[in-house]
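> Heads up: the protein sequence lines correspond to chains P and Y, in order.
For what it's worth, the working numbering labels the leading residue of the first sequence as 88, then goes sequentially.
For what it's worth, the working numbering labels the leading residue of the second sequence as 88, then goes sequentially.
Heads up, some of the hints might be wrong.
As the list makes no split between identical chains, a pair holds if one copy fits it or if it spans any two.
Unchecked claim - Calculated lysine to aspartate or glutamate pairs in the DMTMM-like style (CA-CA distance at most 20 angstroms, straight line): (1) Lys160 <-> Glu276; (2) Lys336 <-> Asp161; (3) Lys244 <-> Glu483; (4) Lys124 <-> Glu137; (5) Lys301 <-> Asp352; (6) Lys329 <-> Glu342; (7) Lys160 <-> Glu199; (8) Lys257 <-> Asp209; (9) Lys122 <-> Glu134; (10) Lys498 <-> Glu242; (11) Lys124 <-> Glu417; (12) Lys452 <-> Glu417; (13) Lys203 <-> Glu288; (14) Lys468 <-> Asp161; (15) Lys217 <-> Asp230; (16) Lys336 <-> Asp466; (17) Lys473 <-> Glu322; (18) Lys356 <-> Glu499; (19) Lys122 <-> Asp315; (20) Lys118 <-> Glu483; (21) Lys260 <-> Asp315; (22) Lys187 <-> Glu281; (23) Lys124 <-> Asp161; (24) Lys231 <-> Glu250; (25) Lys145 <-> Glu134; (26) Lys203 <-> Glu281; (27) Lys124 <-> Asp142; (28) Lys177 <-> Asp446.
Calculated from the structure, these hints are not laboratory results.
Protein chains: 2
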Amino acid sequence: MLAEIITIGDEILIGQIVDTNSAWMGVELNKVGVKVKQITSISDEAEHIEQALNDAQKRADIILITGGLGPTKDDVTKTTLSKYFNMPLKIDEVTLTHVKAFFDKLNRPMIEANIKQAEVPDGCTVVMNKNGTAPCMWFEHNDKIIVSMPGVPFEMKYLMSDEIIPRIQKRFKLPFIIHQNILTAGLGESFLAEQIADIEEALPSHIKLAYLPKLGQVRLRLSATGYDETALVTEVTSFTEKIVARIEKFVILTEDLPFEKAIIDFMGKHSLTLSLAESCTGGYISHLFTQHPGASLVFQGGTVTYSNALKQAVLGVGEQTLLNFGAVSEQTASEMALGAVNNFKTDYAIAVTGIAGPDGGSEDKPVGTVWIAVANKRDVKAKLYKFASQRLQNIERAAMAAMMQLFIQLKEDLKAT
Amino acid sequence: MLAEIITIGDEILIGQIVDTNSAWMGVELNKVGVKVKQITSISDEAEHIEQALNDAQKRADIILITGGLGPTKDDVTKTTLSKYFNMPLKIDEVTLTHVKAFFDKLNRPMIEANIKQAEVPDGCTVVMNKNGTAPCMWFEHNDKIIVSMPGVPFEMKYLMSDEIIPRIQKRFKLPFIIHQNILTAGLGESFLAEQIADIEEALPSHIKLAYLPKLGQVRLRLSATGYDETALVTEVTSFTEKIVARIEKFVILTEDLPFEKAIIDFMGKHSLTLSLAESCTGGYISHLFTQHPGASLVFQGGTVTYSNALKQAVLGVGEQTLLNFGAVSEQTASEMALGAVNNFKTDYAIAVTGIAGPDGGSEDKPVGTVWIAVANKRDVKAKLYKFASQRLQNIERAAMAAMMQLFIQLKEDLKAT
């Protein structure tokens, strides 16, 4: 079963917002065996919307539209759909009651534009949007399903999860798609491919292997499509085992989890706590961990010590250490990590200190120089990394390297005990 | 001048990665007067690539393709372009030398797949990719320009900025597009529209007004297209002034900057320093500030105190305060902010403590309850916010609210002095 996503709105095309909705929809649709054939971002123009709708229906059976449903003039999705399906707009009473209640709750008056939000093309199925005022509309047209949803992420997500996906599942007999990820580090894409060439060659046509390189890691993804879920899982598991056996020392994870979530789960299972002492990553690693519910069981907190004064005051880094070796040094990184373990009373701590750029580099320590230390109550180990010149990329790479260094240390320590 | 972006790769369609490239390209193209008509994400399939290329050329003059240029089997962009333009692949000697040097520098051997990276369709213009091994290819076809670039963000960005955009500018006489943003808070989209309806009505056809709501804010965007840059700026400035005068108390910013960057610039101009005491936002606010070069002039650092123990140890929050009022309270937020100002020796501090969810709520303090305090050396003010049930959304909303609270406080304090 193929679907297409059409996102409507100039704000995506001029780059004012990044389209995160489509990625989320892709993940959720894949879980129920719907493959996204194309994602199309277009402007708020009637003609362009009609053309995109026509093109999408040539390729896919389910067309999911987001955006362009606001109460203001630049939003034309609803009027365009009304014309496209030849269904005049009429007030939907259930939606009107819902919109009225919404404004009552906020204690705000309704204006003409808000009442218009309750209008829908006469003939579509209205799907109640509990999280907002713009109704979701489900059309059936020449055996195709076209759904129009608001672009506000939490409205769209609720509608997809609770309403649209269950309705799609009911309507079609869907094949299963099983994805298996293998996260690797330490070997480039082409070298990995060479190592497992014969395994890849032997994959049946319904199983695809993709290489997704990112920041010093390569994620391998096996995707199997078919109707017998158990058989697919068995097949994919078998190929995964073969690949993992072949490239074992480069494999970090085979669960489909963000790396930081896998670390939290792993440390939680072993009742270990973590704190952070971040300098150049500026809170990014803390943010990665604390995005995930349940992080607080493992992650106790940390500090972002941008200034040297704070490195001394909060982490107890020695003034002499900073004077003799500088803020970006093995010694400072190690003292930061030990300071975090001791002051924040955790089992492990990561410290990161470096030059993210674009300024602040020297001949000795160019932009991209980063020291990362991992400490536990007995020991600390620091490692030097040399990244590139882009600030955000350096922050991301340092975060990834810090998590890898911690993870490897954890595995070593647990093996030793 | 219209352009279209085609991103190639299953990883976007299954949602494994979010397409941030296209948004960045949209911003950069707009700056030189190129409007992105459509962004299309498609799979690594020859037929689909050909079809997308045909469709795009019906609408636009410049087609920018990213992705699908890796050395592995799932990447078919180059062979497809070779067939599409009827240009057989041949080794490009300059690229081969570059790829060899690249591997020499990394001290790694080259394999067959790496040598193939130096192949290009015979007849395209090869644009050197200094940041990677996949060459960038520029095609001219029936008066259209088609460019194929790698999807790795820092390779694509360098190629666009240093090579592709300058070549596009040389090639076409481009109109200017002037964007002016007005960031507002405190008034919903439809109410804003009602307030400025007559101004919007009076806009000439070459100036568009868009409403971009996000997390309690609405960004208004005026976009003017034409060939006389000075006249456009004058016109847009005049309409901006009219709008700002009408809705003055809801306007936060008229610069086209991320909010956090505007705060850094503003505090820097007044030689003020900032520290943070984050609980439920978990380092996210620190990350927002430290993304930007030069943040260290204002932002000294901070702490992420997830546990109560750390709130006491690092920020000096009273044990009795936590016992009597709880971690999520006006008192705790205030003591956290004052603790940060005192311990981290900054002019201002923000403290955020709340329940991000999905767990941890109570009848008294449901998920989404957040206290935010802003302190300076003389005073502290705390405010209660009630957000919703989604963890990531609560983190983002709290960060935005914290920055707004700080910004309003700064403006008040500076007016008073």
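> Next step is simple, just say for each hint if it's right about the structure.
Against the structure, the hints come out as follows:
no., hint, verdict
1, Lys160 <-> Glu276, "between (48 angstroms within a copy, 11 angstroms between copies)"
2, Lys336 <-> Asp161, "neither (54 angstroms within a copy, 24 angstroms between copies)"
3, Lys244 <-> Glu483, "between (27 angstroms within a copy, 16 angstroms between copies)"
4, Lys124 <-> Glu137, "both (18 angstroms within a copy, 14 angstroms between copies)"
5, Lys301 <-> Asp352, "neither (23 angstroms within a copy, 32 angstroms between copies)"
6, Lys329 <-> Glu342, "within (16 angstroms within a copy, 55 angstroms between copies)"
7, Lys160 <-> Glu199, "within (13 angstroms within a copy, 56 angstroms between copies)"
8, Lys257 <-> Asp209, "neither (24 angstroms within a copy, 51 angstroms between copies)"
9, Lys122 <-> Glu134, "between (27 angstroms within a copy, 17 angstroms between copies)"
10, Lys498 <-> Glu242, "neither (41 angstroms within a copy, 34 angstroms between copies)"
11, Lys124 <-> Glu417, "neither (49 angstroms within a copy, 50 angstroms between copies)"
12, Lys452 <-> Glu417, "within (12 angstroms within a copy, 44 angstroms between copies)"
13, Lys203 <-> Glu288, "between (58 angstroms within a copy, 19 angstroms between copies)"
14, Lys468 <-> Asp161, "neither (57 angstroms within a copy, 39 angstroms between copies)"
15, Lys217 <-> Asp230, "neither (28 angstroms within a copy, 50 angstroms between copies)"
16, Lys336 <-> Asp466, "neither (24 angstroms within a copy, 56 angstroms between copies)"
17, Lys473 <-> Glu322, "neither (40 angstroms within a copy, 49 angstroms between copies)"
18, Lys356 <-> Glu499, "within (16 angstroms within a copy, 49 angstroms between copies)"
19, Lys122 <-> Asp315, "within (17 angstroms within a copy, 47 angstroms between copies)"
20, Lys118 <-> Glu483, "neither (28 angstroms within a copy, 27 angstroms between copies)"
21, Lys260 <-> Asp315, "within (12 angstroms within a copy, 58 angstroms between copies)"
22, Lys187 <-> Glu281, "between (62 angstroms within a copy, 18 angstroms between copies)"
23, Lys124 <-> Asp161, "between (28 angstroms within a copy, 16 angstroms between copies)"
24, Lys231 <-> Glu250, "within (17 angstroms within a copy, 43 angstroms between copies)"
25, Lys145 <-> Glu134, "both (17 angstroms within a copy, 14 angstroms between copies)"
26, Lys203 <-> Glu281, "between (60 angstroms within a copy, 14 angstroms between copies)"
27, Lys124 <-> Asp142, "both (12 angstroms within a copy, 15 angstroms between copies)"
28, Lys177 <-> Asp446, "neither (59 angstroms within a copy, 41 angstroms between copies)"
The earlier numbered hints that this structure contradicts are 2, 5, 8, 10, 11, 14, 15, 16, 17, 20, 28.
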